[in-house]
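These protein sequence lines map, in sequence, to chains A and B.
Each step along the first sequence adds one to the number in the working numbering, with nothing skipped, and position 143 is 143.
The working numbering runs 1000 ahead of the 1-based position in the second sequence.
Errors might be hidden in some of the hints.
As the list claims (entries may be wrong) - Facing chain B, a subset of chain A residues (Cβ under 8 angstroms, in silico): (1) S489; (2) V662; (3) I768.
Unchecked claim - Distance condition first, Cα-Cα at most 20 angstroms in a straight line; then the derived EDC-like pairs of lysine to aspartate or glutamate: (4) A:K730 <-> A:E753; (5) A:K24 <-> A:E101; (6) A:K730 <-> B:D1059; (7) A:K450 <-> A:D291; (8) B:K1050 <-> A:D718; (9) A:K498 <-> A:D481; (10) B:K1050 <-> A:D744; (11) A:K22 <-> A:E101; (12) A:K150 <-> A:D344.
In short, the hints are calculated from the structure, not lab data.
Computed from a predicted structure; not experimentally measured.
Where a beta carbon is used, it is the ideal one built from N, C-alpha and C, also for glycine.
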Amino acid sequence: MIYAVFAPLVFAILIPFLSRIKHKIHTGWLILPVPILVFAYFASFLGSNFENQVRSIDWIPSLDISLTFHLDGLSLLFALLITGIGSLVVLYSIFYLDKTERLGHFYTYLYIFMAAMLGVVLSDNVFGLYVFWEFTSLSSFLLIGYWHFKERSRYGAVKSLLITVMGGFSLLAGLILLTIVTGTTSIRGMVDQADVILASPFLPFIMAFLLLGAFTKSAQFPFHIWLPDAMEAPTPVSAYLHSATMVKAGIYLMARFSPIFGGEPSFFMLLSLFGIITLVCGSYMAVRQTDLKAILAYSTISQLGMIMAMLGFGTDVAIFAAVFHILNHATFKGSLFMVAGIVDHETGTRDIRRLGGLMTFMPISATLALFGTFSMAGVPLPFLNGFYSKEMFFDASLQLSGYTGTFVEILATALPYLAVLGSIFTFVYSMYLFFGTFRGTYKEEQLPVKPHEAPFMMLVSPMILVLGVIIIGLVPSIFNDGLLTHAASAVFGSEVTKEISFWHGFIPPLYMSLAVVAIGTLLYVFKSKWERIYSVMPGKFSFNRIYDWAVNQLESASSRITSSYMNGSMRLYMVLLLVAVTGITFFGLWMTNGFNFEVTDVAPVTIHEVLIAIVMAAAAIATIFVRNRLAIIIVVGVVGYGLAILFVLYRAPDLALTQLIVETVTVALFLLCFYHLPNLKKRTESLAHRGVNLFVSLGFGALLLVISLSAYNSRFFDTISGYFTENSYKLGGGDNIVNVILVDFRGLDTLFEVAVLFGAGLGIYSLIRLRKNKGAK
Amino acid sequence: MEIVMIILASILFATAIYNMLQKQFLRIIIGTVLLSHAAHLFLLTMGQLKRGNPPVLVDGVTNYTDPLPQALILTSIVISFGVTSFLLVLAYRTYTLNKTDNMDELRGSKDE
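For reference, chain A alone in the conformation it holds in the complex (with noise of 0.2 angstroms):
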């Protein structure tokens, strides 16, 4: 399992020097087999008698972080959705890529997604889980800009990724605060302790942090306005990334940590109040958009919403259609982004209101679009499983019982009046999406293209997508026992049955797909009448306008505080780390009550070397008050050369002989450079400059000194320098300890000193000979 997880990502190292031949043979050929048999081994785990898989290796044991990949029915469902449709949207990107494109970039993008999607979906430890997480929302975001050109797309690339990732970090708080309160990092562990979990303090935060994840990934309402603009990638990316598989990562988390929240109130209440009003003005704004994909993408986020409120639900039924829907979604919608990739592809044009009466050029793609459109609308026919999916669907909001609370019960009454009237859209945009690409007039001095039929290859995968949407339809049982139980036992937490059957009997949930159809159809055919709503409302508030209020103003305040201490002022630079250096290290100090002012066990005080002191200090004052250049050489030899005599003083021979030499270079060199330079200028900072450099270099002073003193007398170590004394001439054969230990025990340090001085000679080199431009001088 561990090998199907990480075959994307082997390949996706591969695809660039396998795209190197993309002119003899497309990219995508080489590399369809991996989704393809990473999608049969994941088959095989099919059946009534599945049972769990778990393999585990350790990444960080000292963080209890592994990655743990456990296969329940949940994960089973996911996985075969991310490589089945992986494989149809490589093969169908074939032909929509042309080989002019970079499609090495193009696959290796959507491999790491693959891989990185598999791995949310399998990982049992929730660190892991966060990873992967987070690798989908970058190759989602490196797939929207993959027309990096267009403005559009770098802008929908910048949204997704903010607002994903944004949803991201606020997850990783909330599964750090799981595995403090519960003490492990797998999710099966905190299921079991999930008594723990509802009883903590914690928990408030731990489901706002979580869902903030989840409705930020899967476009929840008000955080969907990344979707329409990732609409921007191509459609392959669109329909395998935003639609069939990423956006319902959120979903997948909600549906994952179900057992543990599930029937908790006030989890029903956000879950379903989020998800049917995100079912409701997805739909509401669909029918809005003249753009196919933005009217897919709407279409998605109301379709998330109406799964992501059936999870809310919680009982057995909505689990499944759920766990159902899931799969019907990904079916249909994947069918239709398809397809209007094609419409896009052979017309030049996704724009609704240009497009028309197609269906007599293309006939196929109109009959996949029809089922496809058909089986989102919820049109009762026993051939599309969209029916049986919305009517279960509505059938739960029916069934909601057990909670209580005044609000809730509020919600619980107007939940499923909520749903008819979000399936009455859904019924319209699809009825729209279909009628007003295929039928009506045909424009023909609007389209930039002649239409034709797509070729035949093309249109394989919308219809095997079509295929499985009419077989789901036809004969659900055969998905029910080998999948659709399992993963619904697995969110449920134990054991669901349910039978798929078209016909009930006269119940309410039929009576709500007839109202839907009834009044959906009228809504469409008088579109035109109502249309003038969407001027009224929303008008022209929307989420995006904040969205792009909040990003100017924080690119607006970010570099007016950025300039402001990174004004270019070497002083001020200095300052800040000055000061910070010094006030961490006092506070530090005081913190662990590192003071330690009883300087024991030191050397006689001799009168000579207190009066060296005593002029190297007042030569070193000196240099902050000498304006003459001369003068100012003067004292800092006078400092040196101080030094140099402390050297003789102290029993150091070599230090003071290359400190004398040194010295003497040094003062040459000033020598000859204030020959160029202007001479010290009088001070003209003002007096608040001065005090602040004055007390900056005070505390640096004081610290130095604070440090020194009580280090002195703080040794926690015995000295090492009992060793050189001792093998000086053993092991170096020198008599003199400090140069054997500089050529020898040390001698690595010194041939990079060396290299240093060397750097330091050529830098000085080029400086003076190198001009500008030749021929200057």
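Fit chain B to the given chain A structure using the hints.
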């Protein structure tokens, strides 16, 4: 004696920093020179002063001054010399190119 040297090193540090906070390139270089002096003195003092003979092996003598700080300082002296000379030439070059040695006037171009 160590206390005196510690105080001296701190004074050197303080003056070094003060010089480095100035605007003129030259003063900043002076500051770095002083800073390395201070650091060397600091290192030497931490190894205790005047405990035995210079670290050159002589028959019959077992008590030597700590050689390790000296080795470190020796490396450091050479490197700070390299840095100082590089900075000086940089200052010279900057001045010939930009006709100023004021750091505030060397903030780079506007459209950076």
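Going through the hints against the structure:
Against a cut-off of 8 angstroms between C-beta atoms, the interface hint on S489 (chain A) is violated, since the closest Cβ of chain B lies about 62 angstroms away. The beta carbon of V662 (chain A) is positioned within 8 angstroms of a beta carbon in chain B (closest approach about 5 angstroms), and the interface hint is therefore held. For I768 (chain A), the suggested interface contact is upheld, since its CB lies about 6 angstroms from the closest CB of chain B, less than 8 angstroms. This hinted pair does not check out: K730 (chain A) and E753 (chain A) have alpha carbons roughly 25 angstroms apart, beyond 20 angstroms.
The straight-line distance between the Cα atoms of K24 (chain A) and E101 (chain A) is roughly 14 angstroms, inside the 20 angstroms bound, and the hint therefore holds. Restraint check for K730 (chain A) and D1059 (chain B): the C-alpha separation of about 14 angstroms stays at or below 20 angstroms, so the hint holds. Of the pairs offered as hints, the one joining K450 (chain A) and D291 (chain A) holds, with about 19 angstroms between alpha carbons and a cut-off of 20 angstroms not exceeded. For the hint linking K1050 (chain B) to D718 (chain A), the alpha-carbon distance of about 19 angstroms falls within 20 angstroms, and the restraint holds.
Annotation: proposed proximity of K498 (chain A) to D481 (chain A) holds, straight-line Cα distance about 9 angstroms (limit 20 angstroms). Proposed proximity of K1050 (chain B) and D744 (chain A) is contradicted: the alpha carbons are some 25 angstroms apart, above 20 angstroms. For the hint linking K22 (chain A) to E101 (chain A), the alpha-carbon distance of about 10 angstroms falls within 20 angstroms, and the restraint holds. With a C-alpha separation of about 17 angstroms, the suggested pair K150 (chain A) and D344 (chain A) falls inside the 20 angstroms cut-off, and the hint holds.
Comparing the model with each numbered hint stated earlier shows that hints 1, 4 and 10 do not hold.
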